[in-house]
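*Asks:* Spelled out from the first residue to the last, the chains are:
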Amino acid sequence: KQEVTQIPAALSVPEGENLVLNCSFTDSAIYNLQWFRQDPGKGLTSLLLIQSSQREQTSGRLNASLDKSSGRSTLYIAASQPGDSATYLCAVRPNGNKLVFGAGTILRVKS
Amino acid sequence: GAGVSQTPSNKVTEKGKYVELRCDPISGHTALYWYRQSLGQGPEFLIYFQGTGAADDSGLPNDRFFAVRPEGSVSTLKIQRTERGDSAVYLCASSPRRTSGGIGEQFFGPGTRLTVL
Chain A
1 KQEVTQIPAA LSVPEGENLV LNCSFTDSAI YNLQWFRQDP GKGLTSLLLI
51 QSSQREQTSG RLNASLDKSS GRSTLYIAAS QPGDSATYLC AVRPNGNKLV
101 FGAGTILRVK S
Chain B
1 GAGVSQTPSN KVTEKGKYVE LRCDPISGHT ALYWYRQSLG QGPEFLIYFQ
51 GTGAADDSGL PNDRFFAVRP EGSVSTLKIQ RTERGDSAVY LCASSPRRTS
101 GGIGEQFFGP GTRLTVL
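Heads up: the protein sequence lines correspond to chains A and B, in order.
Those letters in the first sequence? Residues 1 to 111, per my numbering, in order.
Those letters in the second sequence? Residues 1 to 117, per my numbering, in order.
Possibly wrong hints are sitting among the right ones.
Pairs of lysine-lysine residues, derived as DSBU-like cross-links and limited to a Cα-Cα distance of at most 30 Å, are as follows [what the hints assert, rightly or not]:
#1 A:K68 / A:K1
#2 B:K17 / A:K1
#3 A:K42 / A:K1
#4 B:K15 / A:K42
#5 B:K17 / B:K78
#6 A:K42 / A:K110
#7 A:K42 / B:K17
#8 B:K11 / A:K42
#9 B:K11 / B:K78
#10 B:K78 / B:K15
#11 B:K78 / A:K42
Everything labelled a hint here was simulated from the structure, so no lab data went into it.
Generate coordinates for the entire structure from the input sequences, incorporating the hints supplied.
*Replies:* Spelled out as structure tokens, the structure:
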């Protein structure tokens, strides 16, 4: 059974810092990996999608990497801003179509 | 265009009652998913539709839960004899037809917060 773990569970950083969020999964047989952002009381916003054949994806200040063989992904956020404060969720797509999510990392960027 | 919409945004009901939660996917998306998110946890898969049929309902917790998508667009998640443990945020997502070589990205709605008293 695929399991996804996110570390740390919570993170508080001063504005301007670069930071890394970690995601690990137990079964390397995945189609893709997706990073989401969730604001309090809101749904999920897709940030980056990495197909299994890819190593990384970039969007603005965000960069996500995927090492499928070791079951790891990282989300790098450059020059963090208070508006980046949210919960970040990692999800993998094993065989089939459902996503398997981690519990998330709660990020707080202090101004 | 419009994103995934869900109604109601909040639903409070009493234990034992029946509830229906509605999802309108992005126009043209053939795949539709339901997830449930409990406080402090990531979403958990419930059911997946490809067109009108439920292609995978392995995440439904028991037979009190049922979902339909009769015309391949709007979907309704139905919960009978609600229990306090059913309280959670119910999220719907949709994705377009799979393109060659890729697996469709899932786009999520804002969710319905269900509270069972």
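*Asks:* Holds or violated: are the alpha carbons of K42 (chain A) and K17 (chain B) at most 30 Å from each other?
*Replies:* Distance ~26 Å between K42 (chain A) and K17 (chain B) Cα, so the pair holds.
*Asks:* Would you mind confirming whether the straight-line C-alpha gap from K68 (chain A) to K1 (chain A) stays at or under 30 Å?
*Replies:* holds (16 Å)
*Asks:* Does K42 (chain A) sit within 30 Å of K11 (chain B), going by the straight-line distance between their CA atoms?
*Replies:* holds (15 Å)
*Asks:* Does K78 (chain B) lie within 30 Å of K11 (chain B) when you go C-alpha to C-alpha?
*Replies:* holds (13 Å)
*Asks:* For the pair supplied as a hint, K78 (chain B) and K42 (chain A), confirm whether the alpha-carbon distance does not exceed 30 Å.
*Replies:* holds (22 Å)
*Asks:* Given the hint that K17 (chain B) pairs with K78 (chain B), does the C-alpha gap stay at or below 30 Å?
*Replies:* Given that 30 Å is the threshold and the Cα spacing comes to 11 Å, the pair holds.
*Asks:* Within 30 Å, alpha carbon to alpha carbon, are K15 (chain B) and K42 (chain A)?
*Replies:* holds (25 Å)
*Asks:* Are the Cα positions of K42 (chain A) and K110 (chain A) separated by 30 Å at most?
*Replies:* holds (21 Å)
*Asks:* Are K78 (chain B) and K15 (chain B) close enough, with their CA atoms no more than 30 Å apart?
*Replies:* holds (15 Å)
*Asks:* Is the straight-line distance between the alpha-carbon of K42 (chain A) and that of K1 (chain A) 30 Å or less?
*Replies:* Status holds; Cα separation ~28 Å.
*Asks:* For the pair we were handed, K17 (chain B) and K1 (chain A), check the Cα-Cα distance against 30 Å.
*Replies:* violated (33 Å)
Taken one by one, the earlier hints fail for this structure only at number 2.
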